[in-house]
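Novice: Given chain A's structure and the hints, the job is docking chains B, C and D onto it.
Residue numbers (the numbering used here), protein chains in the order written: chain A, 7 to 289; chain B, 7 to 289; chain C, 7 to 289; chain D, 7 to 289.
These are calculated hints, taken from the structure and not from any lab test. We put the CB at the ideal spot given by N, CA and C, even for glycine. Watch out, some of these pointers could steer you wrong.
Claimed, not checked - Facing chain A, from chain C, some residues (calculated, C-beta under 8 Å):
# : residue
1 : Leu36
2 : Thr45
3 : Ile68
4 : Gly69
5 : Pro70
6 : Asn73
7 : Ser96
8 : Val101
Said to hold, decoys possible - From chain C, some residues computed to sit far from chain D (all C-beta separations above 10 Å):
#  : residue
9  : Arg22
10 : Ala133
11 : Ser179
12 : Lys221
13 : Glu272
Here is what each chain is made of, one letter per residue.
Protein chains: 4
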Amino acid sequence: MCRWIAYSGTPVALSRVLFQPQHSLIDQSLHSRLGVETTNGDGFGVGWYTPDTASPATLREIGPAWNDRNLRDVAHHVRSNLFFAHIRASTGTAVQQTNCHPFRSGRWLWMHNGAINGYRELRRDLALAVDPALYPEIEGSTDSEVMFFLALTFGLAEDPPGAVARMAGLVESTGQAHGVPHPLQMTVAVTDGERVWAFRYSTEGRSRSLYYSTKVSALRALHPDAALLRDISDETRLVVSEPLGDLSGAWNEVPEGSYGVVQPGEHILREFQPVPPTVAAPG
Amino acid sequence: MCRWIAYSGTPVALSRVLFQPQHSLIDQSLHSRLGVETTNGDGFGVGWYTPDTASPATLREIGPAWNDRNLRDVAHHVRSNLFFAHIRASTGTAVQQTNCHPFRSGRWLWMHNGAINGYRELRRDLALAVDPALYPEIEGSTDSEVMFFLALTFGLAEDPPGAVARMAGLVESTGQAHGVPHPLQMTVAVTDGERVWAFRYSTEGRSRSLYYSTKVSALRALHPDAALLRDISDETRLVVSEPLGDLSGAWNEVPEGSYGVVQPGEHILREFQPVPPTVAAPG
Amino acid sequence: MCRWIAYSGTPVALSRVLFQPQHSLIDQSLHSRLGVETTNGDGFGVGWYTPDTASPATLREIGPAWNDRNLRDVAHHVRSNLFFAHIRASTGTAVQQTNCHPFRSGRWLWMHNGAINGYRELRRDLALAVDPALYPEIEGSTDSEVMFFLALTFGLAEDPPGAVARMAGLVESTGQAHGVPHPLQMTVAVTDGERVWAFRYSTEGRSRSLYYSTKVSALRALHPDAALLRDISDETRLVVSEPLGDLSGAWNEVPEGSYGVVQPGEHILREFQPVPPTVAAPG
Amino acid sequence: MCRWIAYSGTPVALSRVLFQPQHSLIDQSLHSRLGVETTNGDGFGVGWYTPDTASPATLREIGPAWNDRNLRDVAHHVRSNLFFAHIRASTGTAVQQTNCHPFRSGRWLWMHNGAINGYRELRRDLALAVDPALYPEIEGSTDSEVMFFLALTFGLAEDPPGAVARMAGLVESTGQAHGVPHPLQMTVAVTDGERVWAFRYSTEGRSRSLYYSTKVSALRALHPDAALLRDISDETRLVVSEPLGDLSGAWNEVPEGSYGVVQPGEHILREFQPVPPTVAAPG
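With the rest of the complex left out, here is chain A (with noise of 0.2 Å):
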């Protein structure tokens, strides 16, 4: 459906990671080897960090990311210590900019691969457990975006990995409500700008493909010509959908049900599980 990358470590230019690795996000955008779509071109978006800046930037654009001259430019001359790149393949909503990812929100950024089963269906329902004055905010049509407000809604920026949860469990329940098979399947990740969080689950337990890059110390033992790893901070992360090369020992497949804290200190590998929403008390 889409393919995504995360980065976080040493500030570089954002092509040296979106563009030059041998099969970068560019290239995916072609040719993905492990998404269910392998053209990824019905729009893009990169979002990345400055300092001084309240919130990230993001350009988002409706056509392929192969050819788009802006983000060739901007990814050359940028340079950031964090930021998501996202390509789209549509499942049916519009091509339109405000459907690209990631979303953002205040400092938040929020991308996804997947797809509610049956969304149609539940939009109404999840659209309406949005929190009444986050609603206005909805720009587009994607059951990604209304996602992302359901965990805003549900404590996202004090709690991601609670709201998170909380925002599968109730598409699941949404879901099994209304008949609907094996409601949710995800990768996600977000971030407030100093910490990303990446989520792999899906109601069958065959959730699409999630890797997270191996520690730099360690890959530079293995590899020590390898230039972008000379560049850049033991701390330096990156998850993808799918691996960027095949540098071996360089990617670790993010297990199903689980999600992980790239942040500063010790980066976390956690076992993820929807919480169902409480049954409000009958008044």
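Specialist: Frame of chain A; chains B, C and D shown alone:
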């Protein structure tokens, strides 16, 4: 905010109406005289009916109409007996195809000039009032599209003036409930491919401009040399946000708070009043 | 590089040919089987003729064809007896409307799959050979458009096969002068709205794929149940970059180094050879 | 026709110059006061320099600047000490990215307001005068781009004022040869990332408007409370098609037939005269 044209009558190439007049809609996209904004460059759309197709065609683009080559070609080559055209000046919502008018559902087309005041605040309540079976069809983020879906919800297919009155009534009452002054400002055109209904209304009684063309037979007597007039039938009628030229006697203001029906046989002009929603009896 | 379709025959809605076949051009935009590139997402175009208009219409967009709503609507509502459609995979030149096929000049449409090898080097010499009166009409930056203007320069209006042969001859000799191996690779379709000429040629004798449809009467005998076949006349003919489906007996390869003419009366298939430019005698 | 801004000085977020001023370039895109056209909605571009990159970045789009979200975000997040911005009103050539200014070649950026009169007629002769080694880099169809390539041909890298004078001289003489009245109308800005040259010239001596900002130290004395003035160095300078606001004493007209150089050390203002091409001696 926007400008629009509705044409019904003798089949003509769209360009005769959209491009050729002295102060055509294309000219209005750059230099509107009566609009709130002089520039209407945030997208455009045309919708037209052809024999043997179940629903009308639309061509909608996010760029300005004035230099769009596809519009020029299609308008020159497509003939229709009933078509809508709209140029957009966004009041804040995204410039995207799904926010371009006319909106379509089945055989129906809808276009709007004006705004729901305080729409960000009212949006959720209004969206919730849309028939749940129709809700998934909402693709954009404009007030205009939600007004269309509310009218569909309230029986547009059976009773267009009644459905639009109930839609307007709901907008008024929802606005009042939120303390929004002057909630509704609208000129609306809607058609099922047979008849065209055009509405002019605003809470404050100072509605956006709207005109209808004089009966062709009368006009032809006044201007025996006008080429277009010779080519079109007596029943041909235009409803427009602003006159397409300075032909004396050609344009008549649609009165404040009224609606007209362009249809086979006698055309109609009537008073329009919003109909407040009935309060559901407690069960 | 690209894929294209030329249709001539019974007036049909464009969608019957562009969208409905099993391996339609729209499907080929995502999954070409015989193209050099499997993805053709760098813009598209259709050109069609309508009665009473001096020149054909074109609709050309820079996004992929597969999710374009305007294309879908126009194709569904426009009927024509002669139309071209093209999907583009850029080989480096800009993704812009003026680089999308078909190209138009007066009553003529032109589309191309292939490339002039070393075009950057040859571009200036070829452009200089264009009739100075036509030169200002060049709007894009592709080899394909310059090939069209060269053919116009060399008498396309009077003798299409001869003009295309002289164009090809000039490309060959210019390539040789610059030391470019295998200068020309082309399948080309050109029409004046009455007849369609289709060419398959490459310097190296390994041209891009090109097929023409079997005579409808023969095909109808083979497949009495095929719906489209019942609706079209015996003279209807398609020329395509690759077959639109697996209907046995439906598609015939255009031989290497040949051209065909689809026209009222007998269709023609002939050998094609470039004609070298005559050396101007020294003055 | 168009409007543009050139900024050189203290690194600032582009948005401080492009969006924040009272009569900013973005405002001018809708409501130019001094332009030939009040609306400049046929595309836009920004070009900026960043440390450690061999050539400047450009962001160019074919839609209007006023509602472009990518421009807004990039301008807010990118800081630069030297940038160009341009909004376009097409005088007939296609609305496409390769016709948007600024144009780039290596380290150079170029932008233009005005027109070559009778360009359709002169285009071929002017294109032929471009260095054959540069000719393949021409991607668009505007006079402005060809003017840039002519200046490059005539030694822009070594002597910008001389190269621009020779370009102007060639346009003048080519126009005269074709009987075109008043061939050239231009304000041009060009930069190598270190210095900015700005030209104001027209054959008829009635050139498009052009202004440069007053020395910051003098302006700061006049307006001690202006926030932007406190944040920028004394050497900071703007050259603009029309003033960005009504700050008294801030803007000075570039005299008719002159050019200025914004550079480290003393800024320069000199007379500008086209230099006719020298006739090649017969060999």
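Novice: Each hint: holds or not?
Specialist: Each hint, compared with the structure:
1. Leu36: Where the cut-off is 8 Å and the nearest Cβ of chain A is about 6 Å from Leu36(C), the hint holds.
2. Thr45: 5 Å, holds
3. Ile68: Holds, because the Cβ-Cβ distance from Ile68(C) to chain A comes to roughly 7 Å (cut-off 8 Å).
4. Gly69: 5 Å, holds
5. Pro70: Since the shortest Cβ distance to chain A is 5 Å, the answer is holds.
6. Asn73: 5 Å, holds
7. Ser96: Constraint on Ser96(C) satisfied, holds at 6 Å.
8. Val101: Holds: closest Cβ of chain A sits about 5 Å from Val101(C), inside 8 Å.
9. Arg22: 31 Å, holds
10. Ala133: Not fine: 7 Å to the nearest Cβ puts Ala133(C) too close to chain D.
11. Ser179: 18 Å, holds
12. Lys221: 41 Å, holds
13. Glu272: Since the minimum Cβ distance to chain D is about 41 Å, Glu272(C) lies beyond 10 Å and the statement holds.
Checked against the numbered hints above, the structure violates only hint 10.
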